[in-house]
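A.B. asks: Below are the chains, spelled out letter by letter.
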Amino acid sequence: MMDIVIIGAGAVGCAAAMELSKYKLSVCVVDKESDVCEGTTKANSAIAHAGFDAEPGTLKAKLNVRGSEMMEGLSQKLQFAFIRNEAMVLCFDKDTSGLEVLKQRGEKNGVKGLSIISGDEARALEPNLTDEVQAALLAKTSAIVCPFEMTLAFAENALENGVQFRLSAEVTGIDKTDKGFIVKTSRGEIEAKAVINAAGVYADKIHSMVSGTPLKITPRKGEYMLMDKETVPTVSRTIFQLPTKMGKGILVSPTVHGNLIAGPTAVDIDDKENTATTSEGLNEVRAKGSLSVKNVPWGKVITSFTGLRAVGDSGDFIIEESDVPCFFDAAGIESPGLTSAPAIGEYLAELVGKRIPLEKKADYKDTREGIVHFAMLSNKQRDELIKKDPAYGKIVCRCCTVTEGEILDAINRPLGATTLDGVKRRTGAGMGRCQAGFCSPTTMELIAKKLGIKTEQVLKKGIYESEVR
Amino acid sequence: MKNEYGIIIIGGGPAGMAAAIGAKEAGEDDILILERDSVLGGILNQCIHNGFGLHTFNEELTGPEYAERFADKVRELGIPFELDTMVLDVSPMEDGRKAVSLISAKRGAVTLTAKAVILAMGCRERPRGALNIPGSRPQGVYTAGTAQKLINLEGAHVGKEVVILGSGDIGLIMARRMTLEGAHVAAVAELMPYSSGLKRNIVQCLDDYGIPLLLSHTVVDIKGKDKLEGVYIAEVDEKRTPIPGSEVYYPCDTLLLSCGLIPENELTVGAGVEIDPRTNGAYVSESLETNVEGVFSCGNVLHVHDLVDFVSEESKRAGANAARYVKQGRKAGGSTVNVSAGNGVRYTVPSKINTNALEELNHIRFRVTGVYTNVSIVITSGDKEILRRKSRILVPSEMLDIILKRDKLADITDDLKVYIEEVES
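If you're matching them up, the sequences are chains A and B in order. Quick note on numbering: this note's numbering labels position 398 of the first sequence as 418, and the sequence is numbered without any gaps. Quick note on numbering: this note's numbering labels position 235 of the second sequence as 244, and the sequence is numbered without any gaps.
Since the hints were made in silico from the structure, they are not lab data. Just so you know, these numbers come straight off a predicted model, no measurement behind them.
With a straight-line cut-off of 25 Å between C-alpha atoms, the simulated DSS-like cross-links for lysine-lysine are:
| # | chain 1 | residue 1 | chain 2 | residue 2 |
| --- | --- | --- | --- | --- |
| 1 | A | K292 | B | K236 |
| 2 | B | K234 | A | K225 |
| 3 | A | K474 | B | K236 |
| 4 | A | K308 | B | K248 |
| 5 | B | K11 | A | K407 |
| 6 | B | K232 | A | K292 |
| 7 | B | K234 | A | K236 |
| 8 | A | K199 | A | K374 |
| 9 | A | K407 | B | K115 |
| 10 | A | K292 | B | K234 |
Please take these sequences and the hints and turn them into a complete structure.
C.D. replies: Below, the structure written as C-alpha cells:
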C-alpha cells in the first residue's frame with residue numbers, strides 16, 4: 021500500500037512528487053506515456069510568467085507569483101536552464117489604459133518590477149519592435165525556462181528521494197476502497213491511501229473514475245513556430261501583446277537554447293490527442309507575430325508544433341480535495357501552469373497534509389546533478405571533461421554541439437531516455453537546424469545498444485511493445 | 010601534437026580531400042584535414058549506387074569507390090588527417106592567420122592556427138520543420154539522406170509503404186533504393202512544375218520501376234500520432250498554393266523528404282565571411298577565396314553541386330589557390346570586376362574576378378532559374394561580348410560550367426554579366 025499515487029508525470033505531477041518526497045511518505049507517479057514530460061509540459065511557450073495576468077485572489081495569481089519566486093533558486097539547486105530575460109506587453113492603441121489595468125492587477129498580485137514605458141522607450145530596449153507599438157508594460161521578473169529540463173529535474177530529484185515512477189502505464193480505472201484507492205493501470209494495480217490527479221487534458225476522465233461531480237477539461241490548441249539559433253537575437257525579452265477584441269495575441273520570445281519562438285494560437289478542440297499543426301494556425305502565428313516584431317526570421321523556421329492547454333470551466337486552476345476524501349484534483353492547469361508548477365506542488369502537499377501526517381525526512385537531498393551541456397562550457401572546462409571521459413570529445417549533434425557523453429548520460433541515468441524524443445528533451449540533440457537529420461542514426465544506435473534492440477526498432481516517441489524500462 | 014599549420018581543411022569529404030590533394034600537388038606540405046566523421050569520404054560513403062566519376066575517371070563508380078580513390082591518394086601523398094574531430098569556430102587573427110577551435114577525443118578542446126583555411130563542410134538536407142508542412146509529428150518522416158544512411162550504413166529497415174516529397178537526386182535515388190529493399194513507393198510529389206533531380210535519375214530510379222512523379226504537387230497534411238499513417242497530397246497552382254479539393258490520401262508508414270540542400274555555413278558566418286543569399290554559400294573570387302583573406306570555400310558548402318566530379322575539380326583548384334596564397338599572398342594589381350547573374354541565371358560562382366589572378370582556364374558556374382529550350386548563354390563585359398553559346402535545353406537541376414581562356418578575360422575592365430537570351434522560335 022502506497023501513501024500517494026500521482027497520476028500524470030508532467031510539470032505538475034513531478035513537482036508534487038518532488039515536494040512530497042521531502043516527507044516520510046511512499047509515493048508513486050504513473051503516466052500513460054513512456055517518459056515524463058510528454059503532454060502539455062513539452063509543448064508550450066516555456067515562459068516563467070511574472071504574474072500580472074491572473075485576477076487577484078485567484079489560485080492562478082497566488083501560485084504564479086509564488087512559482088515565479090521559487091523558480092530561480094530551484095533552477096540553481098536542480099540545474100535546469102532559467103533566464104530572467106524580462107518581458108514586455110505591447111499596446112498598439114493610443115489608449116494605453118489596458119496596460120494600466122495589467123500593471124495594477126500585477127501589483128495587487130504582488131508582482132515587483134512593473135513599469136509602463138512609451139513606444140520609443142520600448143523600441144530603444146528592443147530595436148526590432150514595430151513602429152505601431154504605442155506603449156508597453158515592462159515586467160522585470162518575467163523569465164524563460166526549459167520546461168523539459170525543469171520537469172526532468174523535479175522527477176529525478178523525486179526519484180533520488182525515494183519516489184517510484186511507473187511509466188507506460190495508462191490508468192484504466194480507480195476503485196474506492198475502505199483503506200483508500202486501487203489505481204488500475206495497463207501495467208498492474210497500485211493501492212494507495214490518497215490519489216493526486218495531475219493528468220493534464222485527461223484530468224476530467226481520471227476525476228470521473230472516482231467522483232460524481234462534474235469536471236470538464238477542454239483541450240485548447242496552441243500552435244508554435246521555432247526559429248533557428250541566432251547570433252544576434254531578434255528580441256531578447258519576451259514580447260506579449262495586450263489582449264484585444266481580436267483575441268489574446270501571439271508572443272515572440274527567445275528560448276533558453278537561443279532560438280526564437282512565436283505562438284501560440286488558441287483554438288478549443290475536442291480531441292485530446294490532436295497535436296497536429298495546420299496551415300491556418302501557422303499563418304496566424306506569422307501574421308500576428310509580425311504585428312509586434314519586425315524582421316522575425318520566418319524563413320528560418322526549423323520546426324513547428326502544437327501544444328494542448330488543459331482548460332477548465334471555472335477560469336481558475338482547480339486544485340482541491342474532491343468530494344471523495346483523499347482524492348485530490350490538480351486540474352485545469354493552463355497558463356501560467358508551468359510557472360506555477362513548483363508552487364502547485366507545495367500547495368498540494370499542504371492539502372495532502374490535512375489527511376496524511378507529513379513528517380520531514382532527515383536525509384532529503386535538495387540538489388540534483390543535471391546532464392552536462394557541453395555547448396555551454398568554456399574551452400577549458402570542455403578540455404578537462406574530454407580528458408576525463410573521451411565520449412565528451414565526440415560531437416553527435418552538430419547543430420547544437422551535443423556530445424556522445426551527454427547522450428550516454430541521458431540514456432544511462434535513472435529514469436533515462438528510451439526514445440529519440442527523450443534524448444532530445446534531455447540533451448538538446450536533434451533540436452537544431454537539421455532537426456536530427458545527421459544525429460538520429462547515431463543516437464538510435466546508442467539507444468539500441470542500451471536497450472538491446474535493433475537500431476530500426478528505436479522509437480521516436482511512444483511505448484515499446486516489450487517493456488524496456 | 011603540432012598546433013600550427015600552413016593550410017587547415019575543414020571537412021574530409023570529396024571537397025576536402027580534393028582540396029588537400031590540390032594544395033599538396035601545388036607544393037604545400039603543411040596541411041591538415043579535419044573530419045567530423047570516423048572515416049574520410051563524407052556523404053559519398055552512404056551513396057552506394059553507381060554513377061560517380063564519369064568525368065574524373067571515365068568510368069562509373071559507386072560513392073564509396075569514388076571516395077576511396079581520393080582517400081588512397083591522400084594517404085599516398087602523406088597528407089595528415091584527423092577523424093572524429095569537430096571544428097566549432099574559425100576566426101581570423103590579428104597577424105592574418107586563422108584560429109581553428111576544435112573538439113576531439115584525441116586532442117580535447119584546442120585551438121590550432123593556419124595561414125589559410127579551406128572550408129569544405131558540405132551541406133545538409135532541408136528538414137520537415139523548415140518546409141512548414143502542417144500535421145502531426147509522428148515517427149516515419151525522414152529526410153532522404155537520413156533514410157539512406159540508416160539503410161546503407163546501419164543496415165536498418167526503414168519502411169514498407171513510402172511517399173517521397175521532393176524530386177531532388179537523393180529522393181529519386183532513394184525511391185529506387187526503397188523499392189529494391191522491398192518497399193512500395195507510391196509516388197514522388199514535386200512542388201515545382203519540373204524536377205530538381207537529374208534526368209538520368211528520373212529515368213533510372215522512377216520510370217524503370219513504374220513510380221509516378223507528380224509534378225506541381227505537395228504534401229499538405231501528415232497523419233498519425235506516434236507512427237506515420239498517411240499523408241495528403243494536393244495539386245498546386247502556378248503560385249504553388251495547394252488547390253482545394255485536389256487532396257488525395259496516401260496511406261504510408263514512411264515519408265521521405267528531398268526538398269533541397271543547404272550549405273552548412275555556420276562556421277563560415279562565424280569567421281566573418283559574407284554569404285550569397287542565392288546560394289547560401291560564400292561569395293568567392295576566381296580563386297575561390299572568400300572576402301576574408303586566406304579563407305577559401307569549395308564543394309557543396311560553396312554551392313550545391315549535382316555531380317561530385319565538379320566538386321572534386323573545383324576543390325582541387327581551391328587547394329592549389331590556397332597553396333599559392335600561403336607562399337605568395339594575395340595577388341595584387343589588375344582590375345577586379347563583378348560577375349553578375351542576368352536574365353534566367355540564378356547565381357554565378359565566382360561573383361568577382363581579378364584579372365591578375367586568372368588561370369589558363371577559368372570557370373564560371375551557374376544554374377538557370379527555369380527550364381529553357383533553344384536559347385543562348387551569353388557573357389558580356391560592358392558592351393563586349395565574351396561568349397555566346399547556343400543550347401537546346403537548360404534545366405535548373407544541372408549546374409552549368411563555362412570555361413573561359415585567360416585571353417578572353419585578361420583585358421576586361423567592365424563587370425561581367427551572364428544571362429540567357431531567349432530566341433523567338
